[in-house]
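Visitor: This is what each chain is made of:
There are 2 protein chains.
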Amino acid sequence: MFKVNEDYLNLRGSYLFSTIAKKVAAYKEENPGKDIISLGIGDVTRPLCPVIIKALHDATDEMSKQETFRGYAPDLGYEFLRSAVAENDYRKRGCNVDKDEIFISDGAKSDSGNIQEIFSKDNRVAVCDPVYPVYVDTNVMAGRTGEFDEEKMQWKNVIYMPCTRENGFSPDIPDNTPDIIYICSPNNPTGTAMKKDQLQKWVDYANEKKAVIIFDAAYEAYISEDDVPHSIYECEGARTCAIELHSFSKNAGFTGVRLGYTVIPKDLKDEKGNMLHSLWARRHGTKYNGAPYIQQRAGEAVYSEKGQQEIRGLVSYYMENAKTILSGLKECGYEVYGGVNAPYIWLKTPEGMSSWDFFDRMLTGANVVGTPGSGFGPSGEGYFRLTAFGTHENTKEALERIRRLG
Amino acid sequence: MFKVNEDYLNLRGSYLFSTIAKKVAAYKEENPGKDIISLGIGDVTRPLCPVIIKALHDATDEMSKQETFRGYAPDLGYEFLRSAVAENDYRKRGCNVDKDEIFISDGAKSDSGNIQEIFSKDNRVAVCDPVYPVYVDTNVMAGRTGEFDEEKMQWKNVIYMPCTRENGFSPDIPDNTPDIIYICSPNNPTGTAMKKDQLQKWVDYANEKKAVIIFDAAYEAYISEDDVPHSIYECEGARTCAIELHSFSKNAGFTGVRLGYTVIPKDLKDEKGNMLHSLWARRHGTKYNGAPYIQQRAGEAVYSEKGQQEIRGLVSYYMENAKTILSGLKECGYEVYGGVNAPYIWLKTPEGMSSWDFFDRMLTGANVVGTPGSGFGPSGEGYFRLTAFGTHENTKEALERIRRLG
Chain A
235 MFKVNEDYLN
245 LRGSYLFSTI
255 AKKVAAYKEE
265 NPGKDIISLG
275 IGDVTRPLCP
285 VIIKALHDAT
295 DEMSKQETFR
305 GYAPDLGYEF
315 LRSAVAENDY
325 RKRGCNVDKD
335 EIFISDGAKS
345 DSGNIQEIFS
355 KDNRVAVCDP
365 VYPVYVDTNV
375 MAGRTGEFDE
385 EKMQWKNVIY
395 MPCTRENGFS
405 PDIPDNTPDI
415 IYICSPNNPT
425 GTAMKKDQLQ
435 KWVDYANEKK
445 AVIIFDAAYE
455 AYISEDDVPH
465 SIYECEGART
475 CAIELHSFSK
485 NAGFTGVRLG
495 YTVIPKDLKD
505 EKGNMLHSLW
515 ARRHGTKYNG
525 APYIQQRAGE
535 AVYSEKGQQE
545 IRGLVSYYME
555 NAKTILSGLK
565 ECGYEVYGGV
575 NAPYIWLKTP
585 EGMSSWDFFD
595 RMLTGANVVG
605 TPGSGFGPSG
615 EGYFRLTAFG
625 THENTKEALE
635 RIRRLG
Chain B
235 MFKVNEDYLN
245 LRGSYLFSTI
255 AKKVAAYKEE
265 NPGKDIISLG
275 IGDVTRPLCP
285 VIIKALHDAT
295 DEMSKQETFR
305 GYAPDLGYEF
315 LRSAVAENDY
325 RKRGCNVDKD
335 EIFISDGAKS
345 DSGNIQEIFS
355 KDNRVAVCDP
365 VYPVYVDTNV
375 MAGRTGEFDE
385 EKMQWKNVIY
395 MPCTRENGFS
405 PDIPDNTPDI
415 IYICSPNNPT
425 GTAMKKDQLQ
435 KWVDYANEKK
445 AVIIFDAAYE
455 AYISEDDVPH
465 SIYECEGART
475 CAIELHSFSK
485 NAGFTGVRLG
495 YTVIPKDLKD
505 EKGNMLHSLW
515 ARRHGTKYNG
525 APYIQQRAGE
535 AVYSEKGQQE
545 IRGLVSYYME
555 NAKTILSGLK
565 ECGYEVYGGV
575 NAPYIWLKTP
585 EGMSSWDFFD
595 RMLTGANVVG
605 TPGSGFGPSG
615 EGYFRLTAFG
625 THENTKEALE
635 RIRRLG
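Protein chains in written order, with this note's numbering: chain A, 235 to 640; chain B, 235 to 640.
If you are wondering where the hints come from, they were derived from the structure by calculation, not from laboratory data.
Do not rely on the hints blindly, as some may be mistaken.
Stated by the list, open to error - Within a straight-line C-alpha distance of at most 27 Å, the following computed DSSO-like cross-link-like pairs (lysine-lysine) qualify:
{"no.": "1", "chain 1": "B", "residue 1": "K299", "chain 2": "A", "residue 2": "K630"}
{"no.": "2", "chain 1": "B", "residue 1": "K630", "chain 2": "B", "residue 2": "K333"}
{"no.": "3", "chain 1": "A", "residue 1": "K299", "chain 2": "B", "residue 2": "K630"}
{"no.": "4", "chain 1": "A", "residue 1": "K333", "chain 2": "B", "residue 2": "K256"}
{"no.": "5", "chain 1": "A", "residue 1": "K237", "chain 2": "B", "residue 2": "K299"}
{"no.": "6", "chain 1": "A", "residue 1": "K506", "chain 2": "B", "residue 2": "K237"}
{"no.": "7", "chain 1": "A", "residue 1": "K288", "chain 2": "B", "residue 2": "K288"}
{"no.": "8", "chain 1": "A", "residue 1": "K299", "chain 2": "B", "residue 2": "K540"}
{"no.": "9", "chain 1": "B", "residue 1": "K288", "chain 2": "A", "residue 2": "K355"}
{"no.": "10", "chain 1": "B", "residue 1": "K237", "chain 2": "A", "residue 2": "K299"}
{"no.": "11", "chain 1": "B", "residue 1": "K506", "chain 2": "A", "residue 2": "K299"}
What the hints assert, rightly or not - Some chain B residues flagged as far from chain A (calculated, every beta-carbon gap over 12 Å):
{"no.": "12", "residue": "K237"}
{"no.": "13", "residue": "S354"}
{"no.": "14", "residue": "E400"}
{"no.": "15", "residue": "K521"}
{"no.": "16", "residue": "G640"}
Treat the numbers as computed from the prediction; the structure is a model and nothing was measured.
Glycine residues also receive a C-beta, built at the ideal position from the N, C-alpha and C atoms.
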């Protein structure tokens, strides 16, 4: 008789976005005709750039002809794309990453979910609080998180590192020593980013403890300040302790195109000399069959001169929204964070209001939807996330309404 | 200090195709100018059909405009594609499969590798021998297979079901009772297919033992005989015991496009009533972010009237090769199987010759590359696989050379 994976049954319901959807639907039904603006979800809204569209068309045409048709892609990804990544995202930034250390994939969500699989079940994981839920949930599914503490709303075998205004949203070194440390910078949901010296401290700590940092750089294209690193490999010693995850979703608008990559340096080994690079290569070769050819050509186009210009325009468009939100909220007297190196604005709710009460106030008072911070973890309570991924018109209108609400 | 997943370290090297590549390279170096024809690898060679190309272009154009741009896809896949699958692959065949039981993915290899994850580690797995290596390797990576027996070349906790000419390449019910049974029909590598009554026997057995059948239907488009089922859901009772994997790689030539789907009926539950459908949905939602929009539109086009015509032409092209190989080998006096309902021909090596000796004979004598059957498992010893995925010209030339070899 077959048995299911009981670790899956331990998963908590992921009620955040469905609860939001239900509340919005109920409000709409009671108030027909109201125009609701959503700044809640982290999905892009602008069309793909012309150079990307051209690359998709050209690659499609190649697939239509016998001489240029391509079947199975190489496991790690096409050399043309891995070379472009190595050159543009690493060598130009002074980082030592070889093209054979880059694994092309269908996106950072898959990689951030699957990467824990190459580690033993008895590693101890540390995450920031608040946190992108995939890091925690995929470790629950692997049986790595212990029991759930209903009181604290935390998994007993996970180390939570609070990120609040008190520590500038940068995690402190925890009391218990973790084996695997998830860091996302620029951060979802807080919209804040680590400075180079802050990240260097983590790299030094990981090397000292022989821990691995899983560094999620999905939002690096939004960095506007000089002292914020775009890659963890800008820090000395990162090649022996860090894995880096990248996405084309947020710089080039590929949420529906699906492309990303993961870097595992060959210097990253356990005490017996096993290379994590080899384990991940084996996973790629056995449970995956490569990203589609036409998508990989679109990824290559991102790194062309014209591609870089166009995606800078895309990022600027969204960051204009971030400025609109930041300045608008400040004018209304709100305490706000993020929005400078990331497309997320993290607002401290006024007068100790709960995240969900503030959500209701925004929905009913301004017809604007955001995300309650408590949905990302206990330390997110008392915060509220707004995203810069709307249109200029909607974003301005949303802020006008918030201003009128007072 | 971090620790790696030690189950990964138990994996055997996957030397089959790299050994073949090395032997071919060495032969070429010693014999410059020789024209080698490969009928070894299961990758398609024909360009995509016009209707697919048009769908890819049209969907790309949609992604270029604000009004029609699409971001994140729904977790399960777009409704337009799931509906087309439900209607064409199931309802028209009299199978009861709802569109909400269909999970669109980036291909059957990912799904066949990931599906074992929703099961407990202590399920006992049964596979055919010879077998597609992914079924076994992914269970090794999950720690489900026990130790490797170097003598038998088998994992001690896996039930191997020999498929040889003695049983018509259809597995017998094993002595030990499995919890999970992998069946691929039409089969890779033997090219043979189960008749409906043979598959019904397995469905009845699985229901009796409360086992799950993971049914890989990747090659169903190649079925030419009436009494061979295209789906396991043609068998009575399959909804309570079977998961079905599908690929667009071999019917529509999508090996480089990447699209597939998996069916998990909602009636498939463990003894506590846990639905495997819910577990797989959770995996999709947590570790995956949907297949690309443009790929899903290409998948939809496969089911259009024109698409069905065109892909039938594609399948016919390859099956013409299968006929060329089958009749050519028979004329030379070889004992051959498969090639009627599948794009693979499974040849019994003459005079008890080993698979690798026969490989060498074909390479050096005819400059034709195939795959030694022993690479797919111990019961593949003494067999040799040829694929129908070449061009007509190459396939005819290869058979001409084999004929000359005598």
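Visitor: Work down the list of hints and note, for each, if the structure agrees.
Guide: Verification of the hints:
{"no.": "1", "hint": "B:K299 / A:K630", "in the structure": "holds, 22 Å"}
{"no.": "2", "hint": "B:K630 / B:K333", "in the structure": "violated, 43 Å"}
{"no.": "3", "hint": "A:K299 / B:K630", "in the structure": "holds, 22 Å"}
{"no.": "4", "hint": "A:K333 / B:K256", "in the structure": "holds, 24 Å"}
{"no.": "5", "hint": "A:K237 / B:K299", "in the structure": "violated, 48 Å"}
{"no.": "6", "hint": "A:K506 / B:K237", "in the structure": "holds, 9 Å"}
{"no.": "7", "hint": "A:K288 / B:K288", "in the structure": "holds, 15 Å"}
{"no.": "8", "hint": "A:K299 / B:K540", "in the structure": "holds, 19 Å"}
{"no.": "9", "hint": "B:K288 / A:K355", "in the structure": "violated, 47 Å"}
{"no.": "10", "hint": "B:K237 / A:K299", "in the structure": "violated, 48 Å"}
{"no.": "11", "hint": "B:K506 / A:K299", "in the structure": "violated, 53 Å"}
{"no.": "12", "hint": "K237", "in the structure": "violated, 4 Å"}
{"no.": "13", "hint": "S354", "in the structure": "violated, 4 Å"}
{"no.": "14", "hint": "E400", "in the structure": "holds, 29 Å"}
{"no.": "15", "hint": "K521", "in the structure": "violated, 3 Å"}
{"no.": "16", "hint": "G640", "in the structure": "holds, 33 Å"}
Checked against the numbered hints given earlier, the structure breaks hints 2, 5, 9, 10, 11, 12, 13 and 15 and satisfies all the rest.
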